[in-house]
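In the order they appear, the protein sequences are chains V and R. The opening residue of the first sequence carries number 1 in this note's numbering; numbering runs sequentially from there. The opening residue of the second sequence carries number 1001 in this note's numbering; numbering runs sequentially from there.
Bear in mind the hints are in silico, worked out from the structure with no lab data behind them. Since we're looking at a predicted model, the values are computed, not measured. Check each hint, because a few of them may be wrong.
[Claimed, not checked] Taking lysine-lysine and the BS3-like style, the derived pairs with C-alpha atoms no more than 27 Å apart in a straight line are: (1) R:Lys1100 to V:Lys291; (2) V:Lys291 to R:Lys1079; (3) R:Lys1116 to R:Lys1146; (4) R:Lys1002 to R:Lys1086; (5) V:Lys291 to R:Lys1131; (6) V:Lys64 to R:Lys1100; (7) R:Lys1203 to R:Lys1086; (8) R:Lys1076 to V:Lys291; (9) V:Lys289 to R:Lys1131; (10) V:Lys5 to V:Lys58; (11) R:Lys1056 to R:Lys1100; (12) V:Lys291 to R:Lys1134; (13) R:Lys1076 to R:Lys1100; (14) R:Lys1076 to R:Lys1116; (15) R:Lys1056 to R:Lys1071; (16) R:Lys1076 to V:Lys289; (17) R:Lys1116 to V:Lys291; (18) V:Lys8 to V:Lys64; (19) R:Lys1116 to V:Lys289; (20) V:Lys8 to V:Lys58; (21) R:Lys1203 to V:Lys289.
[Claimed, not checked] To spell it out: a stretch of chain V is covered by chain R in this simulated footprint if at least three of its residues, at any positions, have a beta carbon under 8 Å from a beta carbon of chain R; those stretches are: (22) 252-264; (23) 345-356.
[As the list claims (entries may be wrong)] Using C-beta positions, here's what the derived DEER-type ranges look like: (24) V:Phe381 to R:Asn1135: 39 to 45 Å; (25) R:Pro1161 to V:Ile390: 20 to 26 Å; (26) R:Ile1119 to V:Glu365: 43 to 49 Å; (27) R:Gln1082 to V:Glu211: 42 to 48 Å.
From the three backbone atoms N, C-alpha and C, an ideal C-beta is built for every residue, glycine too.
Residue strings, one per chain:
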Amino acid sequence: MVSLKELKKGFFTSLWFVFLTFPIVVIKVDPIERTVMWRWQNALYMAAGTFCVYLLVKYFQNRKENQSSNENKAQTSSLIHRALQKPLQRNILFGVVATFAILFPHLFSTYQTNVMTTALMYVVLGLGLNIVVGLAGLLDLGFVAFYAVGAYSYALLNLHFGLGFWTVLPIGGLLAATFGILLGFPVLRLRGDYLAIVTLGFGEIIRLILENWGEFSKGPSGISNISRPGFFGMGLNLEQSIHYTYYLMILFVIVTIFVVNRLQDSRLGRAWIALREDEIACQAMGIDKRKTKLVAFSLGAFWAGIVGVMFAAKTTFINPASFTFLESAIILSIVVLGGMGSIIGVLLGALILILMPEYLRALSEYRMLAFGAILVCMMVFRPQGLISNIRRTYKFEKKTN
Amino acid sequence: MKQPILNVTGLSMDFGGIRALNSLDLDVNNGEIVALIGPNGAGKTTFFNCITGIYKPTAGDIFLTPPNSSKKISLKGLKPNQVTEKGLARTFQNIRLFPKMTVLENVLIGRHCRTKAFIFGAIFRTPATRKEEKNSLETSYFILEKLGLAGFANEFADNLPYGAQRRLEIARALATEPLLLLLDEPAAGMNPQETIELDFLIKRISGEGQAILLIEHDMQLVMSLSDRIFVMDYGKKIAQGTPAEIRQNPAVIKAYLGEEVDA
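So that you can see chain V by itself, here it is in the shape it has in the complex (with noise of 0.2 Å):
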């Protein structure tokens, strides 16, 4: 538990903390009467608040290291990896995820729908940037500059040429999976804070291309009445059509998750966890360090780019200001939060810093307080993410044993 030393700790911390806060809390200047209200009882309940929270963390970080120093392998497995081992679990969990996903347009309105459906998009995003910063160790400070070169591939063929949504598809992934390589040629060479530097100036030229180059992307005012995804040729309305989004996000989902589990497992997805862990040694083993790393910065871009055509797809009407580096810091959150190189710590991560802050529309101005505050207390408590990823292990030599 909290020893005496820790509660006296905690009491100083807390007289700090009023100390600190005694100009916003207890003083209140009331500019008209010209008086001064000294609200005292505000800092009784400062430091008792203060105090509460101290002694909370500390119990948390006392649990943490006696589990830590007690058991190793207990950490590394947590609720859910546990329940996902067992099949019979697994499957429970799966079905019930499964029905809820494929019931939830119907259980709920079309505004909570379209909701999950960005949610759903952010979720192949993390995915894709998971690849690049989770597995290749590559951190990637650009990656809404895939995003938008998909969004505006749809946006543009789509009002120059007609081109529907499933022609463009593929054409915006590929198209961003080439810009990824392009942006990968100069930077083979860089790693950690220099890489972050030049693919956070590599996101920025792309919206900053997009917002001044007029004739091409027709700048601020962005382009609009972008046709939605196409059914068979059918007309939908405006409910379907939210629906028929959803529905196709959700298949994106599954696609993108077995996809990146597959590559993760394989020989490729070896060599990017290599390069992360040493890049040195992993050159020394036989393994080209420009053509992976190339890879992966394109296969991360394709995901990206099949998405942006979706958003464009989604919303029908895209401009510049979609594309913000406050997009990328959210992605790789996303990443960060739900525990780097897991695929459903990553699904998690996205569902909840995108829904969060939607649902949290309640407290309104204090919104972004609490999130920030929620990721402060994830990197205090869980830095390794949500869902930390463990590696496969292999069962079948046990029986050549």
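Add chain R to chain V, keeping to what the hints say.
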């Protein structure tokens, strides 16, 4: 049997104005254990880095000759991964495993350059990919068993005891099917018991016909293992010969112990 496998001639490496390697000649024959020794800072690891492509040598030639073939492959100017592909695999002086991968996966990485599956194969798991994957797994597991690491197969590499980590580095290098295995101070930091085990292990690997070039400071180990020894000091080769010859060589004694002052 005495067919040369690695030929290095006139290898020089400059770092700015400092000549780290000065016109070095070295050769390793098929099936031999050759040791490269010298005081700290003599340029031994620089030599390894030059022949494995991590550094680009300033001058000189490096040739690899696969056994039963007279074709010489020049390794000069190749990238590290290409050098490994041609058949030169190394370990590192300061352990460089992939800590957050399992032991088996570490060895599987070594199989990378001997396998082909790519994006398409990974996504669709074609029969060819599955067969290749199965082969890789079996080969890797076989190597782990050989080096006594099979029990750790699903363990994270950084959870392994120190000696086992050193052996895993060797396992990983062996998985690339090298013509010549380069060991950079394999016994560094090992206790005497572990060193003895390492001695057996290297002899066993060598017994299977594997040519080995090693850098080592533990003289007992070097003398027990090597067929031939090259001695370096200040980037230059100062002696070469059998262990017995090296022990008597005045230049070597001088390099290690300093010169006696004339009375």
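_Please list, smallest to largest, the hint numbers that this structure does not respect._
11, 13, 21, 23
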